[in-house]
Structures are given as structure tokens and as C-alpha cells.
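Protein sequence lines correspond, in order, to chains A, B, C, D, E and F.
When we follow our numbering, the leftmost residue of the first sequence carries the number 61, and every step to the right adds one.
When we follow our numbering, the leftmost residue of the second sequence carries the number 61, and every step to the right adds one.
When we follow our numbering, the leftmost residue of the third sequence carries the number 61, and every step to the right adds one.
When we follow our numbering, the leftmost residue of the fourth sequence carries the number 61, and every step to the right adds one.
When we follow our numbering, the leftmost residue of the fifth sequence carries the number 61, and every step to the right adds one.
When we follow our numbering, the leftmost residue of the sixth sequence carries the number 61, and every step to the right adds one.
Keep in mind that the hints are not guaranteed to be accurate.
[Said to hold, decoys possible] Which chain C residues stay away from chain F? Per the calculated CB distances, all over 12 Å, these:
# : residue
1 : Glu81
2 : Asn98
3 : Glu134
4 : Phe151
5 : Pro156
6 : Val161
7 : Lys172
8 : Glu188
9 : Arg189
[Claimed, not checked] Have a look at the derived ranges for each label pair, beta carbon to beta carbon:
#  : chain 1 : residue 1 : chain 2 : residue 2 : range
10 : B       : Leu93     : D       : Pro116    : 16 to 26 Å
11 : F       : Gln167    : C       : Leu93     : 55 to 65 Å
12 : F       : Gln167    : B       : Asn80     : 41 to 51 Å
13 : C       : Asn170    : F       : Asn80     : 52 to 62 Å
14 : C       : Glu188    : B       : Met61     : 50 to 60 Å
15 : E       : His179    : D       : Glu149    : 25 to 35 Å
16 : A       : Lys172    : C       : Asn170    : 57 to 67 Å
17 : F       : Met61     : E       : Lys125    : 38 to 48 Å
18 : F       : Asn80     : C       : Leu93     : 46 to 56 Å
19 : D       : Glu149    : A       : Trp126    : 39 to 49 Å
Since the hints were made in silico from the structure, they are not lab data.
Glycine included, C-beta positions come from ideal geometry on N, C-alpha and C.
6 protein chains.
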Amino acid sequence: MEITVSRKAHFNAAHRLHVNEWSEAENAAFFGLCNNPNFHGHNYDLIVSLTGEIDPVSGYFVDMKWLSQLIKEEIEDRFDHKNLNLDCEEFKTLNPSTENVAVVIWQLLNKKINIKFKHLKVTLFETERNFVEYNGK
Amino acid sequence: MEITVSRKAHFNAAHRLHVNEWSEAENAAFFGLCNNPNFHGHNYDLIVSLTGEIDPVSGYFVDMKWLSQLIKEEIEDRFDHKNLNLDCEEFKTLNPSTENVAVVIWQLLNKKINIKFKHLKVTLFETERNFVEYNGK
Amino acid sequence: MEITVSRKAHFNAAHRLHVNEWSEAENAAFFGLCNNPNFHGHNYDLIVSLTGEIDPVSGYFVDMKWLSQLIKEEIEDRFDHKNLNLDCEEFKTLNPSTENVAVVIWQLLNKKINIKFKHLKVTLFETERNFVEYNGK
Amino acid sequence: MEITVSRKAHFNAAHRLHVNEWSEAENAAFFGLCNNPNFHGHNYDLIVSLTGEIDPVSGYFVDMKWLSQLIKEEIEDRFDHKNLNLDCEEFKTLNPSTENVAVVIWQLLNKKINIKFKHLKVTLFETERNFVEYNGK
Amino acid sequence: MEITVSRKAHFNAAHRLHVNEWSEAENAAFFGLCNNPNFHGHNYDLIVSLTGEIDPVSGYFVDMKWLSQLIKEEIEDRFDHKNLNLDCEEFKTLNPSTENVAVVIWQLLNKKINIKFKHLKVTLFETERNFVEYNGK
Amino acid sequence: MEITVSRKAHFNAAHRLHVNEWSEAENAAFFGLCNNPNFHGHNYDLIVSLTGEIDPVSGYFVDMKWLSQLIKEEIEDRFDHKNLNLDCEEFKTLNPSTENVAVVIWQLLNKKINIKFKHLKVTLFETERNFVEYNGK
Chain A
61 MEITVSRKAH
71 FNAAHRLHVN
81 EWSEAENAAF
91 FGLCNNPNFH
101 GHNYDLIVSL
111 TGEIDPVSGY
121 FVDMKWLSQL
131 IKEEIEDRFD
141 HKNLNLDCEE
151 FKTLNPSTEN
161 VAVVIWQLLN
171 KKINIKFKHL
181 KVTLFETERN
191 FVEYNGK
Chain B
61 MEITVSRKAH
71 FNAAHRLHVN
81 EWSEAENAAF
91 FGLCNNPNFH
101 GHNYDLIVSL
111 TGEIDPVSGY
121 FVDMKWLSQL
131 IKEEIEDRFD
141 HKNLNLDCEE
151 FKTLNPSTEN
161 VAVVIWQLLN
171 KKINIKFKHL
181 KVTLFETERN
191 FVEYNGK
Chain C
61 MEITVSRKAH
71 FNAAHRLHVN
81 EWSEAENAAF
91 FGLCNNPNFH
101 GHNYDLIVSL
111 TGEIDPVSGY
121 FVDMKWLSQL
131 IKEEIEDRFD
141 HKNLNLDCEE
151 FKTLNPSTEN
161 VAVVIWQLLN
171 KKINIKFKHL
181 KVTLFETERN
191 FVEYNGK
Chain D
61 MEITVSRKAH
71 FNAAHRLHVN
81 EWSEAENAAF
91 FGLCNNPNFH
101 GHNYDLIVSL
111 TGEIDPVSGY
121 FVDMKWLSQL
131 IKEEIEDRFD
141 HKNLNLDCEE
151 FKTLNPSTEN
161 VAVVIWQLLN
171 KKINIKFKHL
181 KVTLFETERN
191 FVEYNGK
Chain E
61 MEITVSRKAH
71 FNAAHRLHVN
81 EWSEAENAAF
91 FGLCNNPNFH
101 GHNYDLIVSL
111 TGEIDPVSGY
121 FVDMKWLSQL
131 IKEEIEDRFD
141 HKNLNLDCEE
151 FKTLNPSTEN
161 VAVVIWQLLN
171 KKINIKFKHL
181 KVTLFETERN
191 FVEYNGK
Chain F
61 MEITVSRKAH
71 FNAAHRLHVN
81 EWSEAENAAF
91 FGLCNNPNFH
101 GHNYDLIVSL
111 TGEIDPVSGY
121 FVDMKWLSQL
131 IKEEIEDRFD
141 HKNLNLDCEE
151 FKTLNPSTEN
161 VAVVIWQLLN
171 KKINIKFKHL
181 KVTLFETERN
191 FVEYNGK
């Protein structure tokens, strides 16, 4: 019996959309307000979903205490109350678009996820109206 | 790296569930309160989801400004503050059930979506408790 | 010990903002899209709040089963899946603006509320972003 | 045209996570606060999703009145305001983890679902932050 | 400049509505399903609001870290994953209706609140649709 | 008949909690993570509430188109996608705590509000769990 278990978390961060290889004018034209050199910010909501088999004895597929602790250590402690562009190695050269932030979160979590959790998916809300999903494919 | 990007929008509209080929009694029996000849209405919430590859330079798969503008022009301007049965060509002969409204929205958006966005899905909430998803399959 | 108890309910209705004494042009200019002669509609969310003393024996101020039944009989059965302008006596000559709908709901409930419930307040959401509060003062 | 129609419902219940075959110490270590012998409880939110073809005449795939009535009879009447461990046959020997509750709900609904509804999925929220999805595979 | 600062928290608990002085039949008739002798449960959402003056130097009226820690120590650690009737001294003889739980929370917090915070209000949601407010008056 | 009309809006901004008169160590000790010199950010939700009399002819107290346009011009255009500390004159010397941001928003709106709207209140959510209310008293 394959089941998907999801845990919701969040973090607050500043960022700026900017491609280093482009001129200031190109960046401003492409990213608009999101290119503000002084940064803006978001309350990011994150849903982490794992798919696998229920253990027939415990009735658990995933221990939520373990999953929420993993998200805290790998994602919240790393990104919460940070400037993604200035404070975070992951985005020193990578533009912190919602798409890229979601992929980086997936990669950070995937390294720590045991082989038995076959499918890892992350859903990242930049705002209530804008969100992306990435599952490593 | 394939990613799904979603944008939430909304519109307010009146409608009546009614099949022209059926008698009044058949319509009333089948659709109940939703068949009120004077119409009722909803705040529709719409989520438009596109799946494709992240551009490695910009870090964007979809420009949210473009997507929200597309939804405004194709869907909100067409259906917001309208009577779906009386004001909208799409539902002159087609019953505006949530299922049919979702399919029509998918078809209207799909005409304007570039080939590179492989998967288009729409999720339409008629109320917080009733919603449908359609992806063109 | 004075406490306020609130119950949330909802109903879906069509309406048109229109003042009978004004010309079509005046109505269109003043109410814009909300003046559509074919109506539009909303999912109305309603919060009914009563203030009074907790009964020291039962620990209840208000029995929620009674309050939710009262709202159903007086408000939901009257307005749900209706056209406020055409189907409802209350709005035959009164413009169904959110303000007026809230006042009418307050008046309908207040007639049925026992003297011991000193303060009655209604909060009516026309959309998630637009709402009004009325307490009879 | 294949479409997915979803209906949201809810029920409030008490439960205790406990494996009868384990010692008290093992249960306490594994389940932590969720093993409280006096139980704790939740407002469960449930989303039931069915996938199939739209009827070309009525424009319905699923009649929401039928679906909400089915969920009421099969799930809400059975579990609402109950103690899952003590009151419900389904969990007399099965640990009522969110995973197991979701599977039981799927099985109860699936028995009543006609063959034409090809895919049944349930999404069960134990809290706003913890939820599971099960589709019978 | 007087301002109100609010912090949202939550806890999950089991309870049973029951008045010890009443017969089983009287309790069952009055409280209905909420009188289940085996208990049921809720995800309680709690909003704690304090009113007072902004400190002109720090720009803070209340330090949210202090307030969230206070709520954790006084309320969440006491009631989360508990059976209110069996595990909590406060409800050994007091019926844990939403009204009474809100008053008890107000009293527990008020003992720890400094005189400078003139107004303390608690808003307690038993479900998304049922909630009470108490401010000590 | 006095009524309160509310409109919800939002903006995304970066900020840093910092008192210029304090040392770096004092700021870090007092504000913790919120003192990050590289800033962090939020999706701010704003509710603007006005209280006054319903116009007996139009049924409006406030024209929502006017109110939402006022909020856009005075608040959203000023703060959205900005760094409150670096980009906004209002917070060059004033610490952008939630309390202070709410007061500044109230002052900016109050200058533009006609005398007939007697009571202006703003509710500002820094996160879903932290919010403040200010009404000019």
C-alpha cells in the first residue's frame, strides 16, 4: 500500500532576481520590480511530500517528528530570516527564482532521504498565488 | 529539470445549471437548487498550472507577470462579473457545470500556450468544498 | 463573565447593484461591472457573533447546534442559491450592496434572538478581500 | 474528456497511537505525546477525489449532492465525534495513524463507488501541516 | 500610541462535554454527540492579543519571541496532546466547553502578564466554524 | 446605521529590525534573527477598515473600487517589492517593526480619508501568526 505523506513548513527570506551575466538594464527589463537592488522578501510556505509503503506494524510510513526535524535542520535553519542572494552559498551564482529555490530545496532534502522513500516532491509557495512543484524528474 | 508552475486567480459570476433539451421538471429534479431560473452565483478560484523545463540562464520556466496577464485577458475579463449562461458565448448551449467551466477555461488557455509548455492543468473551485481538475486528456 | 461566541456559515447567491431611482447610465457609471443587468454572484461567508454571560452550570453561553440551526432557517434557507434582487422580498427595492445585505441579515436574526444575548454582530464577506461588520448601532 | 472532481468534508475525533504488540515503554518511545493513554484529538479535513468522464448531456461527472451524502453516510456518521480506538471497529486492532485512517476511508468509500469512477483518491489532513494521500495502489 | 499585538498558536486535545451534577440522560440530551463518554477531539487554534503602548525606542510593544514562548509554556505544554477532562486539573470539575476553555486560558495567561499590558484577549477556535472571544470583563 | 467596511490588500518587502542608537551587539541580542544585516522579508497582508454611515440611496458606505485604489496608490506602490529600511523614507530612522509599519500605514491613509469616515483601523499581518492592529488612538 503506497501512500504519500506531506509536511508543511515555512521560512521568511529576502531575495533579488538577478542574472550576473546580464546588464543592469537587461535585468531590470526582464525581472521588473523583482530586480530591486535593495531586495524584497517573502514568507515562503513549503510542502515536502514523500511516497512509499506503510509499515504494517507501526502504521507509519514516515515519522512526522523526524520529517519536521529534517526540514528544520536542512531548510529552515539554512534559509529562515536570511538574504538568499547574500547569505546562502546555494544562490551566490544561481538566481533565486521560485523555480530554482524549489530545486535547491529538493536537492538538499534528497541527500538526506533514505532509499526506501521512493518519491520526494517539494511544493514551494512564494506567495499564496504563485507556487512551483518539483519532484526531481 | 521539469517543474510545474502555478498561478491562482479568481472571478465572480452568476450561473444556472440547466440542460435545454430537458423539461423544466427534469431540470429541477436533476439539478435541484442549482436550477433556479433566476440564477445564483459563486466566487470562482482558479489555479492554472504549467509544466516544462527551467531556463538555465534566467532561472524562470514561466514569467508570472506573463501568466497572470494571460489569465486576466483570457479568463477574468471574459467571465468576471458576468452571467455565464446569458453573457458568455461559451455557455449559450453548454451547461455551465463546474466540470464544463473547467474544460472551457482549459481550451481557452491552451490556444494561447506555446508548445514548449507541455502540460497545462486547470483547477477550478466553485466553492471551498467543491473543485475540479482538468488537464486536457 | 461576558464572552462572545461566533458561528461561521455561508450561502451562494446572484445579485446586481442597482438603484431604481437612477438612470441606466447613472447606475452603470456608479456601480461599474457590479451593475451588469444579467447579474453576477458570490460565495458569501457569514460570521454571526453573540455576546453575553456563560451559564455557570452548563458552561455554555450559546448552544452551537441552536445557533447554526437558526442561521440555517433564517439566512441560508432564505438566500442560498437565490437571486437576491429577483427572489428575495428584502431586496425588491433595496440595493443588495454588501452593506445592505449585512444589515438585513442582522435584522432578520435580531428578531429571533432572546433578550439575554445583549450584543449581536454580523460579519459578511462578499469576497475574501471585501467584508463588512454591523452590530445594530 | 477525463476530469477529477473533489469534495471536502471534515470530522472531529479522538485517538491514541498505540501498537498492541509493543510494551508501554516501546509505544511511549516510538509515538511520544501521540501515545497518551487518555487520548488526544483532531479536526480531520478530508478531500475525496474521483476521476472519470464528463456526461456530455448533463455536464456532470459526479453529482456533488450524491458525493457529499455518500461521505456523510460512510465517513462522517461513522467517525465524527468518536474515539477512533474505542468506538470504531476498524481501529480495534489497527493503529489509527493518519496513514491507516486514510487507507480505511479509501476502502470504505471504494466499496460504494461505481465502476465508472475509475480513480478514487483520498487526502486526509490530521492538522493543517500534516496530511496523507492514498489512491488504492 | 496604543496598539494591539496578536500571536496565533494551536494545540490538539481530546475532551468530552459533561456536567457531573447531571444524569447521563440529561448530559446526552443537552450535549448530544459532544457527550460521547469515550471523548472526541479538536485542533484548537488560539489567538492571544495584548493592547498597550509602543516603546518609542525599540518600536516594539511586545516581543513576539517572548509572547510565543509564554503561550508555549503556559498553554501548549499544558494542553497539547492531552485529554482535557482526564489529564488537566483545570477541567476535573469544570466542563471543557469552548467558553470555559477560553476563560481558563485567559486566566492562566493573565497571571503572567505584566501590568503594562492593559488588555488581554483570547480568541479560541474549536473548529474553523466555532470560536469564542474572552477579554476578562 | 453605522457599519464597518474592510478591504484586504498585500505587499512583499524586505526589512531589518535595527535601532540606530544601539550597538551591533545590543541590536543582535534584542532582535535576534530579525537583525540580520543583510535583511529578510515578508508577504505582508493588510486589512483597512473604515466605519461610518451607509448612504441611504446608493446603499454604499465606501466604494470598494475607490478604497482598493487608495490602498494601491498610498501603500502598495510605496512598499511593494521594496526594502523598507533602504528604499522608504518613512523607515530611514524609524525601526520597521510590525507595530511601526502599521502606524505609518495608518498615518499615510488617514491623510487621504475624508472626515465622514470617522474610524480608520489597520490590521497588518507580518506572518499568518503575527499581526497588529492600530486605530489612531
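Now for the hints, and whether the structure bears them out:
| no. | hint | verdict |
| --- | --- | --- |
| 1 | Glu81 | violated (7 Å) |
| 2 | Asn98 | holds (20 Å) |
| 3 | Glu134 | holds (19 Å) |
| 4 | Phe151 | violated (10 Å) |
| 5 | Pro156 | violated (8 Å) |
| 6 | Val161 | violated (9 Å) |
| 7 | Lys172 | holds (20 Å) |
| 8 | Glu188 | violated (7 Å) |
| 9 | Arg189 | violated (4 Å) |
| 10 | B/Leu93 <-> D/Pro116: 16 to 26 Å | holds (23 Å) |
| 11 | F/Gln167 <-> C/Leu93: 55 to 65 Å | violated (32 Å) |
| 12 | F/Gln167 <-> B/Asn80: 41 to 51 Å | violated (58 Å) |
| 13 | C/Asn170 <-> F/Asn80: 52 to 62 Å | holds (54 Å) |
| 14 | C/Glu188 <-> B/Met61: 50 to 60 Å | violated (34 Å) |
| 15 | E/His179 <-> D/Glu149: 25 to 35 Å | violated (50 Å) |
| 16 | A/Lys172 <-> C/Asn170: 57 to 67 Å | holds (59 Å) |
| 17 | F/Met61 <-> E/Lys125: 38 to 48 Å | holds (43 Å) |
| 18 | F/Asn80 <-> C/Leu93: 46 to 56 Å | holds (48 Å) |
| 19 | D/Glu149 <-> A/Trp126: 39 to 49 Å | violated (31 Å) |
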